[in-house]
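Undergrad: Sequence:
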Amino acid sequence: MKLLRELIQISIGKLDRFSTPPSESEWKRLYAEACKQAILGVTYRALETVPAEQLTNPDIVAKWRDKKEKIAIMGEVYEDHNRRVARALGALGFRCTFLKGEGLAFRFYPDPLLRQCGDIDVWVDGGRKEIIRTLRQHYSVREIYYHECKAGLFPHMTVEVHFIPVRMYSPLSNRRLQNYFNAYKEEAMSAEVPGRSYQAPDAAFNAIYLMAHILRHALNDGVGLRHIWDYYYILKAMSREEKEEARKQLHRLGLEGIAAEIGYILSTLFCVNEDELICPPSRRRGNKWLTE
Numbered sequence: 078m079k080l081l082r083e084l085i086q087i088s089i090g091k092l093d094r095f096s097t098p099p100s101e102s103e104w105k106r107l108y109a110e111a112c113k114q115a116i117l118g119v120t121y122r123a124l125e126t127v128p129a130e131q132l133t134n135p136d137i138v139a140k141w142r143d144k145k146e147k148i149a150i151m152g153e154v155y156e157d158h159n160r161r162v163a164r165a166l167g168a169l170g171f172r173c174t175f176l177k178g179e180g181l182a183f184r185f186y187p188d189p190l191l192r193q194c195g196d197i198d199v200w201v202d203g204g205r206k207e208i209i210r211t212l213r214q215h216y217s218v219r220e221i222y223y224h225e226c227k228a229g230l231f232p233h234m235t236v237e238v239h240f241i242p243v244r245m246y247s248p249l250s251n252r253r254l255q256n257y258f259n260a261y262k263e264e265a266m267s268a269e270v271p272g273r274s275y276q277a278p279d280a281a282f283n284a285i286y287l288m289a290h291i292l293r294h295a296l297n298d299g300v301g302l303r304h305i306w307d308y309y310y311i312l313k314a315m316s317r318e319e320k321e322e323a324r325k326q327l328h329r330l331g332l333e334g335i336a337a338e339i340g341y342i343l344s345t346l347f348c349v350n351e352d353e354l355i356c357p358p359s360r361r362r363g364n365k366w367l368t369e
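Residues are numbered in the working numbering as their position in the sequence shown, beginning at 1, plus a constant of 77.
Just so you know, the hints here were simulated from the structure itself, not pulled from any lab data.
Here the structure is a predicted model, which is why all the values come from computation and not from measurement.
No false leads were slipped in.
Only pairs whose alpha carbons sit at most 20 Å apart, straight line, appear in this in silico SDA-like list of lysine to any residue:
1. LYS227 <-> GLY203
2. LYS147 <-> HIS158
3. LYS227 <-> GLY195
4. LYS227 <-> ASP198
5. LYS206 <-> SER217
6. LYS140 <-> PRO98
7. LYS147 <-> ASP196
8. LYS262 <-> ILE241
9. LYS206 <-> ALA168
10. LYS113 <-> HIS294
11. LYS91 <-> ARG303
12. LYS144 <-> ASP188
Whenever a hint applies, use it, and build me the whole structure from the sequences.
TA: Structure, rendered in structure tokens:
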């Protein structure tokens with residue numbers, strides 16, 4: 078854990094070297110963990126920062142570099158996909174904004190192509206039935222759920238089309254969350270990513286959306302460090318006033334508890350000061366996540 082924590086802190090510029098150079102086997106374990114957590118790209122910055130004598134496993138360094146370059150190439154592919162998806166949906170008369178992925182990376186990350194992307198998630202403005210009906214007239218649609226469906230907009234590209242950004246299991250909290258999204262929809266749909274030809278929501282929106290998204294992962298398949306890394310850059314982009322408003326929203330939605338847990342991870346692994354967090358961190362609850 079100590080080496081992983083230092084790797085993260087070197088990657089984000091909080092340290093410039095490991096306290097003790099990792100051995101060859103420790104470099105292998107760091108690579109395996111970064112691969113598992115989908116943070117190989119963003120952590121490569123650490124390998125460019127530390128003194129050469131700390132890079133004790135040249136084979137792993139070369140493997141890491143190759144993987145980082147492939148991630149950057151795929152980032153460019155996903156970036157092109159975003160533009161194509163926005164154009165295709167626009168041609169059908171729908172406005173859209175991209176959730177997570179390259180939209181988030183290009184809005185908040187210093188090296189956006191190094192964020193390892195997964196699926197393309199896009200929130201489409203329109204009624205659920207109308208979106209499904211229109212998509213089916215032009216594309217294959219499958220796996221239709223309450224909040225999203227999967228659409229084959231282009232060959233070898235499946236897009237997760239969201240009718241709502243995310244849902245919560247509690248009916249009351251979910252109703253409040255959807256009211257929040259509805260109130261923010263106009264701003265989210267018009268928030269253009271600087272220098273890009275598509276939209277992605279701002280930091281204030283993501284502070285709420287990503288926390289609800291993280292909660293769903295926590296209750297299902299688990300939370301990875303890529304989620305935490307995203308939230309780190311969201312926090313850096315927020316003003317104190319935005320954080321105070323986000324704290325009120327998280328409390329109202331019943332998300333204050335998980336925000337406190339994530340806050341502890343951010344303070345421990347990313348050296349985020351308590352006054353930079355949205356909610357005070359919970360050591361007792363957050364430490365359980367670190368051990369897992």
